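Asker: Got chain A sorted already, so can you dock chain B onto it with the hints?
Protein chains: 2
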Amino acid sequence: MTTPTKDVVIVGGGFAGLNAAKMLGNQAGVRVTLVDRHNHHLFQPLLYQVAMAALSPAEIAAPIRHILAKYRNITVLQDEVTAIDLVARQMVAKECTLPYDYLLLACGARHSYFGHEEWEEFAPGLKTIEQATEIRRRVLTAFEAAERTANPSEQRRHLTFVIVGGGPTGVELAGAIGEMSRYTLAQDFRNINPKLARIILIEAGPRILPSFGDALAGEATRDLEQLGVQVWTSSPVTGMDRDGVQVGRERVEASTILWAAGVTAASLGRQLGVATDRLGRIVVEPDLSLPNHPEVFAAGDQACFTHGRSTPLPGLAPVALQQGRAIAENILREIAGFTRQPFQYHDKGQLATIGRSKAIVEIGRLRFGGFFAWATWLVVHIYYLIGFENRLSVTMRWAWSFFNFRRGARLIVNKEWRFYPPANGKKRPGP
Amino acid sequence: MTTPTKDVVIVGGGFAGLNAAKMLGNQAGVRVTLVDRHNHHLFQPLLYQVAMAALSPAEIAAPIRHILAKYRNITVLQDEVTAIDLVARQMVAKECTLPYDYLLLACGARHSYFGHEEWEEFAPGLKTIEQATEIRRRVLTAFEAAERTANPSEQRRHLTFVIVGGGPTGVELAGAIGEMSRYTLAQDFRNINPKLARIILIEAGPRILPSFGDALAGEATRDLEQLGVQVWTSSPVTGMDRDGVQVGRERVEASTILWAAGVTAASLGRQLGVATDRLGRIVVEPDLSLPNHPEVFAAGDQACFTHGRSTPLPGLAPVALQQGRAIAENILREIAGFTRQPFQYHDKGQLATIGRSKAIVEIGRLRFGGFFAWATWLVVHIYYLIGFENRLSVTMRWAWSFFNFRRGARLIVNKEWRFYPPANGKKRPGP
Chain A
1 MTTPTKDVVI VGGGFAGLNA AKMLGNQAGV RVTLVDRHNH HLFQPLLYQV
51 AMAALSPAEI AAPIRHILAK YRNITVLQDE VTAIDLVARQ MVAKECTLPY
101 DYLLLACGAR HSYFGHEEWE EFAPGLKTIE QATEIRRRVL TAFEAAERTA
151 NPSEQRRHLT FVIVGGGPTG VELAGAIGEM SRYTLAQDFR NINPKLARII
201 LIEAGPRILP SFGDALAGEA TRDLEQLGVQ VWTSSPVTGM DRDGVQVGRE
251 RVEASTILWA AGVTAASLGR QLGVATDRLG RIVVEPDLSL PNHPEVFAAG
301 DQACFTHGRS TPLPGLAPVA LQQGRAIAEN ILREIAGFTR QPFQYHDKGQ
351 LATIGRSKAI VEIGRLRFGG FFAWATWLVV HIYYLIGFEN RLSVTMRWAW
401 SFFNFRRGAR LIVNKEWRFY PPANGKKRPG P
Chain B
1 MTTPTKDVVI VGGGFAGLNA AKMLGNQAGV RVTLVDRHNH HLFQPLLYQV
51 AMAALSPAEI AAPIRHILAK YRNITVLQDE VTAIDLVARQ MVAKECTLPY
101 DYLLLACGAR HSYFGHEEWE EFAPGLKTIE QATEIRRRVL TAFEAAERTA
151 NPSEQRRHLT FVIVGGGPTG VELAGAIGEM SRYTLAQDFR NINPKLARII
201 LIEAGPRILP SFGDALAGEA TRDLEQLGVQ VWTSSPVTGM DRDGVQVGRE
251 RVEASTILWA AGVTAASLGR QLGVATDRLG RIVVEPDLSL PNHPEVFAAG
301 DQACFTHGRS TPLPGLAPVA LQQGRAIAEN ILREIAGFTR QPFQYHDKGQ
351 LATIGRSKAI VEIGRLRFGG FFAWATWLVV HIYYLIGFEN RLSVTMRWAW
401 SFFNFRRGAR LIVNKEWRFY PPANGKKRPG P
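Read top to bottom, the protein sequences are chains A and B. Just so we're aligned: 96 in the working numbering is position 96 of the first sequence, and the numbers increase by one with no gaps anywhere. Just so we're aligned: 90 in the working numbering is position 90 of the second sequence, and the numbers increase by one with no gaps anywhere.
Only chain A is shown next, with the shape it has when bound in the complex (with noise of 0.2 Å):
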């Protein structure tokens, strides 16, 4: 007797559903289709420094479709998914509907604004490529436009960056414009002095980078303020618009703002009527499947996994790479008759960099910054890169940028092509 070939439907391409799709690759067994609504995988770890100008958008992703081509079982199809149908056990996307004996549901995650969604136009947030072009976009926009203007409390305005949220993210991105303004730029204008510009990290709760120690934390905002950047505390902002941004009875005049405070599951979670936790991920079981579908998964940052802790898993890279793994596992255990292991969480630490030669790690309970923390970060993000194309260069061209910080990737790119405007008059219409 021999089974028939399983339809395994994976849904988002990043670190949970690649890392299930490679080791589905030419099993015996199953037939894989992988759907994103991107042609490409995103190493997100790095794109804040996409975002800061160091690095270009094609040194930090990889078309999906060339990552999984030797894999013959697999196919890549770029399209948004915009349904499940549990009990048809179907995926509806814009362009095609597929059948699945399996699914993998790991869409991430996106910026949540608490809300208050119209802020999103006065502060990009940072997951796409997009974002990180329109990000870099604002930030050196900022810089010409002080360059330009004789009016002093306009240059203020526009040499004055908020970054909301005090995470890892917001970490990283205050400390790249610190270092920008300090070192990149520092000779590159006749009008202003971009060492004076006002770069300010406003945090709502009582400290930043709540998820590492005291300690370390502490460390980490002495490091940010030697790089110019401001930490507020406790400081919640309840205001924004283009021009600034308001913490309690303070009025903050800025040209750029960037948001780092908040995520939220892909919506799809939320569509199934399943349980889901307050950041819109679904409770998985312990095998990460979906109560009552054991033929559907949840991985990264779209599933909610509390079993044996007191915390859910974190929405950090090495998390996803793992379950996707999992879960892989469990689904080849499964068709080769073998019963499905509970999935159990390596804790590969947490990292965090501040600049060029700063960093907290903190390894269980291993916990250190300064330089060697920075160094760790490296090694990390090298190994990391290596494994997701297998490309040397990619590392190479990625370290050179990186031990050079002369953030070759300063370029302004505009959103519109056009040159001339639309025959019919109508507001430049999309092709």
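What the hints contain is simulated information worked out from the structure, not anything from laboratory work. Only a predicted model underlies this, so the values are computations on that prediction, with no experimental measurement involved. Check before you lean on any hint, since a few could be wrong.
Identical copies go unnamed one by one, so any copy, or any two together, can satisfy a pair.
Capping the alpha-carbon separation at 30 Å, the derived lysine-lysine pairs in BS3-like fashion look like this [as the list claims (entries may be wrong)]: (1) K127 with K6; (2) K127 with K415; (3) K6 with K22; (4) K6 with K348; (5) K22 with K195; (6) K70 with K195; (7) K127 with K70.
Answerer: The following block gives chain B in isolation, referenced to the frame of chain A:
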């Protein structure tokens, strides 16, 4: 007696403007302001490689203010020039107004659709980073759409690529798409065979590459056909929509149409009330100045220079570069009390490349094609790329991408970065 410092305003940071600025940099007696609407200088001869996903934008572009940072007498402003007041000797831009003693107009050219400006929406041209990214997005998205659909006629339409215009840019684009479909993408798809892509290079005139000799153009045609490119000569395009082009009585269904057919000088020249040629270029005196306005110069794609020649100088990088330098030298000469020299062009020949190891070269009477021509093309471009930024790294990264030919930059980047629709219900207003 000391002469007062002269204000030199340069409009445009292309080959002409940048090289004029470099020559005036740190010279006594001049204060230079360079105005460009982009923040970067673009190495345009390699722009088609960005469009074809072989290079990243940052590899062929660099911030103008960074290139000129070491010249303390040069200020760089990002602004869009709207008018020139020849009488008051003022340059008027959107954000500022600058008086000048000398003015250099070097705003380059843009695509011309010969009165069919509505075609731009269907067939982008290739002059800016934004356009290159748009072309890349369209070409890669067409392959994705073809992979997704099961409808054979739709698939055929998605796999048909039309390039309008048989000059060097059209030939380079067509060759690169041929190569991409035959080599780079060949293994990455499951439902389509990228090798079956239909690539049509459409030229209205009797043959492609009219600026080259007959024999070389014939060689280029054969090279293109080896890469699967069909060359249609004497075939003027008469109509166009988002699904294809009309060529006489023949309709070609194609979801990707690229425009490489014609250019026109920046409109600023036409607003001055001076004589322009049919391409909108300012007819200049032997020293590149405007008739009756010796203090105003035009260079590069914006100048029509005919002195001692049967045809005007073509729109090539070496022409612009030499003209920019010659103008700067004349300004310095005049300030020092000497008379101006007429401009003399030193012909460096012309090159066009057709894929990875084929090219054609014409230097004076020397005409050759094939691998040696391609090697010449490579050396010339590496040399000028070094020259333009003095960074070995740019060249190394570029050479690596080129030899490897993996087209590492195969990212489809969308235009929209927002996730949440704006609160007021309007269609996503700009910030």
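Asker: Identify every previously stated hint that the structure contradicts and give their numbers, smallest first.
Answerer: Of the numbered hints, 1 and 4 do not hold.
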